[in-house]
Amino acid sequence: MILVIKVNKMKLHDEEFVRPVTDLLENFKVVDYRKVKKEDLDKCDKVIICGTALKDNDYLENLDKFSWLKEFKKPVLGICAGMQIIGLILGKELIKNKRIGVFDNKYYLHSFSFKKDELKENNFTGYIYHPEVLNKNILIAFK
Amino acid sequence: MKLGVLFSGGKDSNYALYKADKTDEVQVLITLDSENEESYMFHTPINAVEKQAKKLKISLIKFKTKGEKEEELKDLKKTIEKAKKEFKIKGVVTGAVASTYQASRVQKICDELDLWCFNPLWQMDQEKLLRDLIKDGFKFKIVKVAADGLDDLWINRIIDKKAVEELIKLKEKYGININGEGGEYESEVVESPLFRK
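Residue numbers (this note's numbering), protein chains in the order written: chain A, 318 to 460; chain B, 2 to 198.
None of these hints come from the bench; they were simulated from the model. Honestly, I wouldn't trust all of these hints.
[Claimed, not checked] Below, a list of computed lysine to aspartate or glutamate pairs in the EDC-like style, where the Cα atoms sit at most 16 Å apart: (1) A:Lys372 with B:Glu113; (2) B:Lys140 with B:Asp161; (3) A:Lys328 with B:Asp22; (4) A:Lys326 with A:Asp349; (5) A:Lys460 with A:Asp362; (6) B:Lys3 with B:Glu87; (7) A:Lys413 with A:Asp373; (8) A:Lys346 with A:Asp362; (9) A:Lys372 with B:Asp112; (10) A:Lys460 with A:Glu343; (11) A:Lys326 with B:Asp25; (12) A:Lys415 with B:Asp112; (13) A:Lys328 with B:Glu26; (14) A:Lys413 with B:Asp112; (15) B:Lys129 with B:Asp161; (16) B:Lys23 with A:Asp331; (17) B:Lys70 with B:Glu36; (18) B:Lys145 with B:Glu187; (19) A:Lys391 with A:Asp362; (20) A:Lys372 with B:Asp115; (21) A:Lys453 with B:Asp126; (22) B:Lys91 with A:Asp373; (23) B:Lys129 with A:Asp340; (24) B:Lys75 with B:Asp112; (25) B:Lys20 with A:Asp331; (26) A:Lys328 with B:Asp25; (27) B:Lys109 with A:Asp373; (28) A:Lys415 with B:Asp115; (29) A:Lys415 with B:Glu113; (30) A:Lys413 with A:Asp434.
[Unchecked claim] Rough simulated footprint, nothing fancy, chain B against chain A, three-plus residues with beta-carbon under 8 Å: (31) 369-382; (32) 415-428; (33) 441-453.
Since the model is a prediction, treat every value here as computed from it, not as a measurement. Just so you know, even glycine gets a beta-carbon here, dropped at the ideal spot from N, CA and C.
Chain B with its partners taken away, still in its complex shape (with noise of 0.2 Å):
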C-alpha cells in the first residue's frame, strides 16, 4: 500500500518508518512545524527533517502551523489531504506509543480522509523500544529536555546502552518516561538503517 509518514525527525517516527517501509511503499513523508513548543501534537523541534529526507530519498511534504490547540488538527487534515492528492496514499503512518490522544486525533483525520491508519509501535515497552531502536542501528540523540532528573547535559547526548540504563534509573528516582511520551525529552535520529550515502 501507498503510505505517508507523519515525520517528526525524531525516534518514533523513523522508527514507524523504518517499520512501514518493510511492509509498505512509503511515498511521501508528512511535517507539521508546530510554532508551538508545548504543542500536545507535534513534536518541535523539526530542524532535522529536511536533511533526513534527503538522506532517506522520500519527498517531503511539510506545514507550518500555529500549534494552537484544534486549528493544528485542521493544517495536519490539509496536510495530509495534499499528500493524499499528490502522492496518491492510501494510508498514514503515526510513531504514536501511548498517547490515545494523538493516536485518535490521527484516526479521525484518516476516516474523514479516507485513509488506513497505522502505528506499528503502538503500545510498545518503553525500554523495549529504546533497545530495540539500538539493536536495529538507529543513532539518535536527545535535543530537548523537560522532566525532572534530565538537566541540559543531556542535550545533545547520543542515548545508547548506557544512556539507557541511567534513564531507567532517572524512571526509579522520578518517575520520567523513559521513552518520553511525557515531553520529558525530544529526539531526533542521527543514523538510521534507511539512510543512503
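This is chain A alone, in the form it adopts within the complex (with noise of 0.2 Å):
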C-alpha cells in the first residue's frame, strides 16, 4: 500500500494535486500531513509526497510534522512541496525560485526550489516539477 501524504491547505486542491496521483495508483491510502500516525507509517510500502498551489506555504511553518521522515527506511516520493520537504529534513538549502509553465516537456509550479530539479539520497527521490502532468510513467514506475 502507498501512502499518499497530501500537504495542501485548500481541500478545493485535493483534486488538482491528489487526484491526479492516486488516479495513478491501485492501493494506496491518502492521510493529510498533520494527522500522519506511526501506524500509517508501519503499515505502508511506500510513501508519496503531493505537491501544493502556488500560494499555499503552510508546510513550510510546519516541517516538525515530517520530523518522521529522519528515521523513515522506506522508498519516499515527493513532488514539488514534497521534494522541498525532504530536501529540507536533509538540510538542503531552499532558495526562492518561481517556475509556472512546461519547460522541456515538464510541468513546472513553484514558487521554491533547489539547486537541483531532481533529488535522488538514499530512499528519497523528489521531482520539483509535477511529474503526474506529463511524466505520468515516473509514478507508474514508483508503484
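Two chains, two frames, a set of hints: combine them into the complex.
Rendered as C-alpha cells:
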C-alpha cells in the first residue's frame, strides 16, 4: 500500500494535487500531513508526498510534522512541495525561485526550489516539477 | 474562500463551478467573449452564459476580446482584476483538464494578481469526466464540431451514455479526444444540478 500524504491547505486543491496522483495508483491511502500516524507509516510499503498551489506554503511553517522522515527507511517520493519538504529535512538550502509552465516537457508550478530539479538520496526521490502531468511514467514506475 | 469561476457555459467550466460550489463561495462568473473562433484560450461560442448565470443566480462579468494570442491574455487579466475589485474574490477556478497552455497562463495571471488558482478537473480521464458529468445530473450538448468523424449531425446532440459510447468508438477509429480537449467539439450545458427554476 502506498501512503499518499496530502500537503495542500484548501480542500478544493485535493482535485488538483492529490487526485491526479492517486488516479495512477491502485492500492493507496490518503492522509493529511498533519494527521500522519505511526500506524500509517508502519503499514505502508512506500510514501508519496504531494505538491501544493503556488500560494500554498503553510507546510514550510509546519516542517516538524515531517520529522518522522529522518528515521524512515521505506521509499519516499516527493512532488514539488513534497520534494521541498524532503530536501529541508535532509538539510538542503531552499531558494526562492518561481517557475510556471512547461520546460523540457516537464510541468513546473513552484515558488521555491533547490539548486537541482531532482533529488535522489538513499530512500528519497524528489521532483520539483509535477510528474503526474506530463511524466506519469515516473509515478507508474514508483508504485 | 470567495472565488470567481472562468466560465464559458460549456461542460468543463460548469463542472468546475459545481466542484467549487461544494467547498467554497462562488461570487462571480468571468467570461471572455472571443471574436477569434480559433482562440487557444477561450471557448466559442459563449451564447448561453447570460441565461445560465441567471439560472445559477450568480453574477456575471463578461468582456469582449479580439482573441489575438497575447492580447487576449491581457484582456483576461483585466477582467479577473475587475472581478477581484468588485467581488472581493481571493481565487480563480478554471475548467482546465489537460491543457498546460491554458492552465499555466491562468496560473501566471493569478500569481501577478495575488490570487489563488484552482483547477478541479485537472488531469481527469476523458471518459471518466464525461461519465461523471452525466452521473452528477448534467445535460450538455455539442454546439460546434471540428474533427474527423464528428459531422454536423452531432450538433445539438445531447451527450448521454449512448453518445459517450459512440464517441469512444470515434476515438478508437480517429484518435479524437472524447472530451473535446483538442477542440474536437465545443459543448453547452442545458441542465445543471445548480440551475434554479
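Hints, one by one, checked against the model:
1. A:Lys372 with B:Glu113: holds (11 Å)
2. B:Lys140 with B:Asp161: With Cα atoms ~8 Å apart, Lys140 (chain B) and Asp161 (chain B) stay inside 16 Å; holds.
3. A:Lys328 with B:Asp22: holds (12 Å)
4. A:Lys326 with A:Asp349: holds (9 Å)
5. A:Lys460 with A:Asp362: holds (9 Å)
6. B:Lys3 with B:Glu87: Between Lys3 (chain B) and Glu87 (chain B) the Cα gap is close to 12 Å, so the pair holds against 16 Å.
7. A:Lys413 with A:Asp373: holds (14 Å)
8. A:Lys346 with A:Asp362: Status holds; Cα separation ~11 Å.
9. A:Lys372 with B:Asp112: The given pair, whose Cα atoms are some 8 Å apart, holds under the 16 Å limit.
10. A:Lys460 with A:Glu343: holds (9 Å)
11. A:Lys326 with B:Asp25: holds (13 Å)
12. A:Lys415 with B:Asp112: holds (10 Å)
13. A:Lys328 with B:Glu26: holds (13 Å)
14. A:Lys413 with B:Asp112: At roughly 15 Å apart (the allowed maximum being 16 Å), Asp112 (chain B) and Lys413 (chain A) satisfy the hint.
15. B:Lys129 with B:Asp161: Roughly 13 Å separates the two Cα atoms, so the pair holds.
16. B:Lys23 with A:Asp331: holds (13 Å)
17. B:Lys70 with B:Glu36: holds (12 Å)
18. B:Lys145 with B:Glu187: holds (5 Å)
19. A:Lys391 with A:Asp362: holds (7 Å)
20. A:Lys372 with B:Asp115: Distance of about 8 Å is within 16 Å: holds.
21. A:Lys453 with B:Asp126: Holds: Lys453 (chain A) and Asp126 (chain B) sit about 13 Å apart, inside 16 Å.
22. B:Lys91 with A:Asp373: Judged against 16 Å, a Cα distance of about 13 Å means the pair holds.
23. B:Lys129 with A:Asp340: holds (11 Å)
24. B:Lys75 with B:Asp112: holds (14 Å)
25. B:Lys20 with A:Asp331: holds (11 Å)
26. A:Lys328 with B:Asp25: At roughly 9 Å apart (the allowed maximum being 16 Å), Asp25 (chain B) and Lys328 (chain A) satisfy the hint.
27. B:Lys109 with A:Asp373: holds (15 Å)
28. A:Lys415 with B:Asp115: With Cα atoms ~14 Å apart, Lys415 (chain A) and Asp115 (chain B) stay inside 16 Å; holds.
29. A:Lys415 with B:Glu113: holds (12 Å)
30. A:Lys413 with A:Asp434: holds (13 Å)
31. 369-382: Check passed, 4 qualifying residues.
32. 415-428: Since three or more residues must qualify, the claim that chain B covers the segment 415-428 of chain A holds, with 6 doing so at under 8 Å.
33. 441-453: With 3 residues closer than 8 Å to chain B, the segment 441-453 of chain A meets the three-residue bar; holds.
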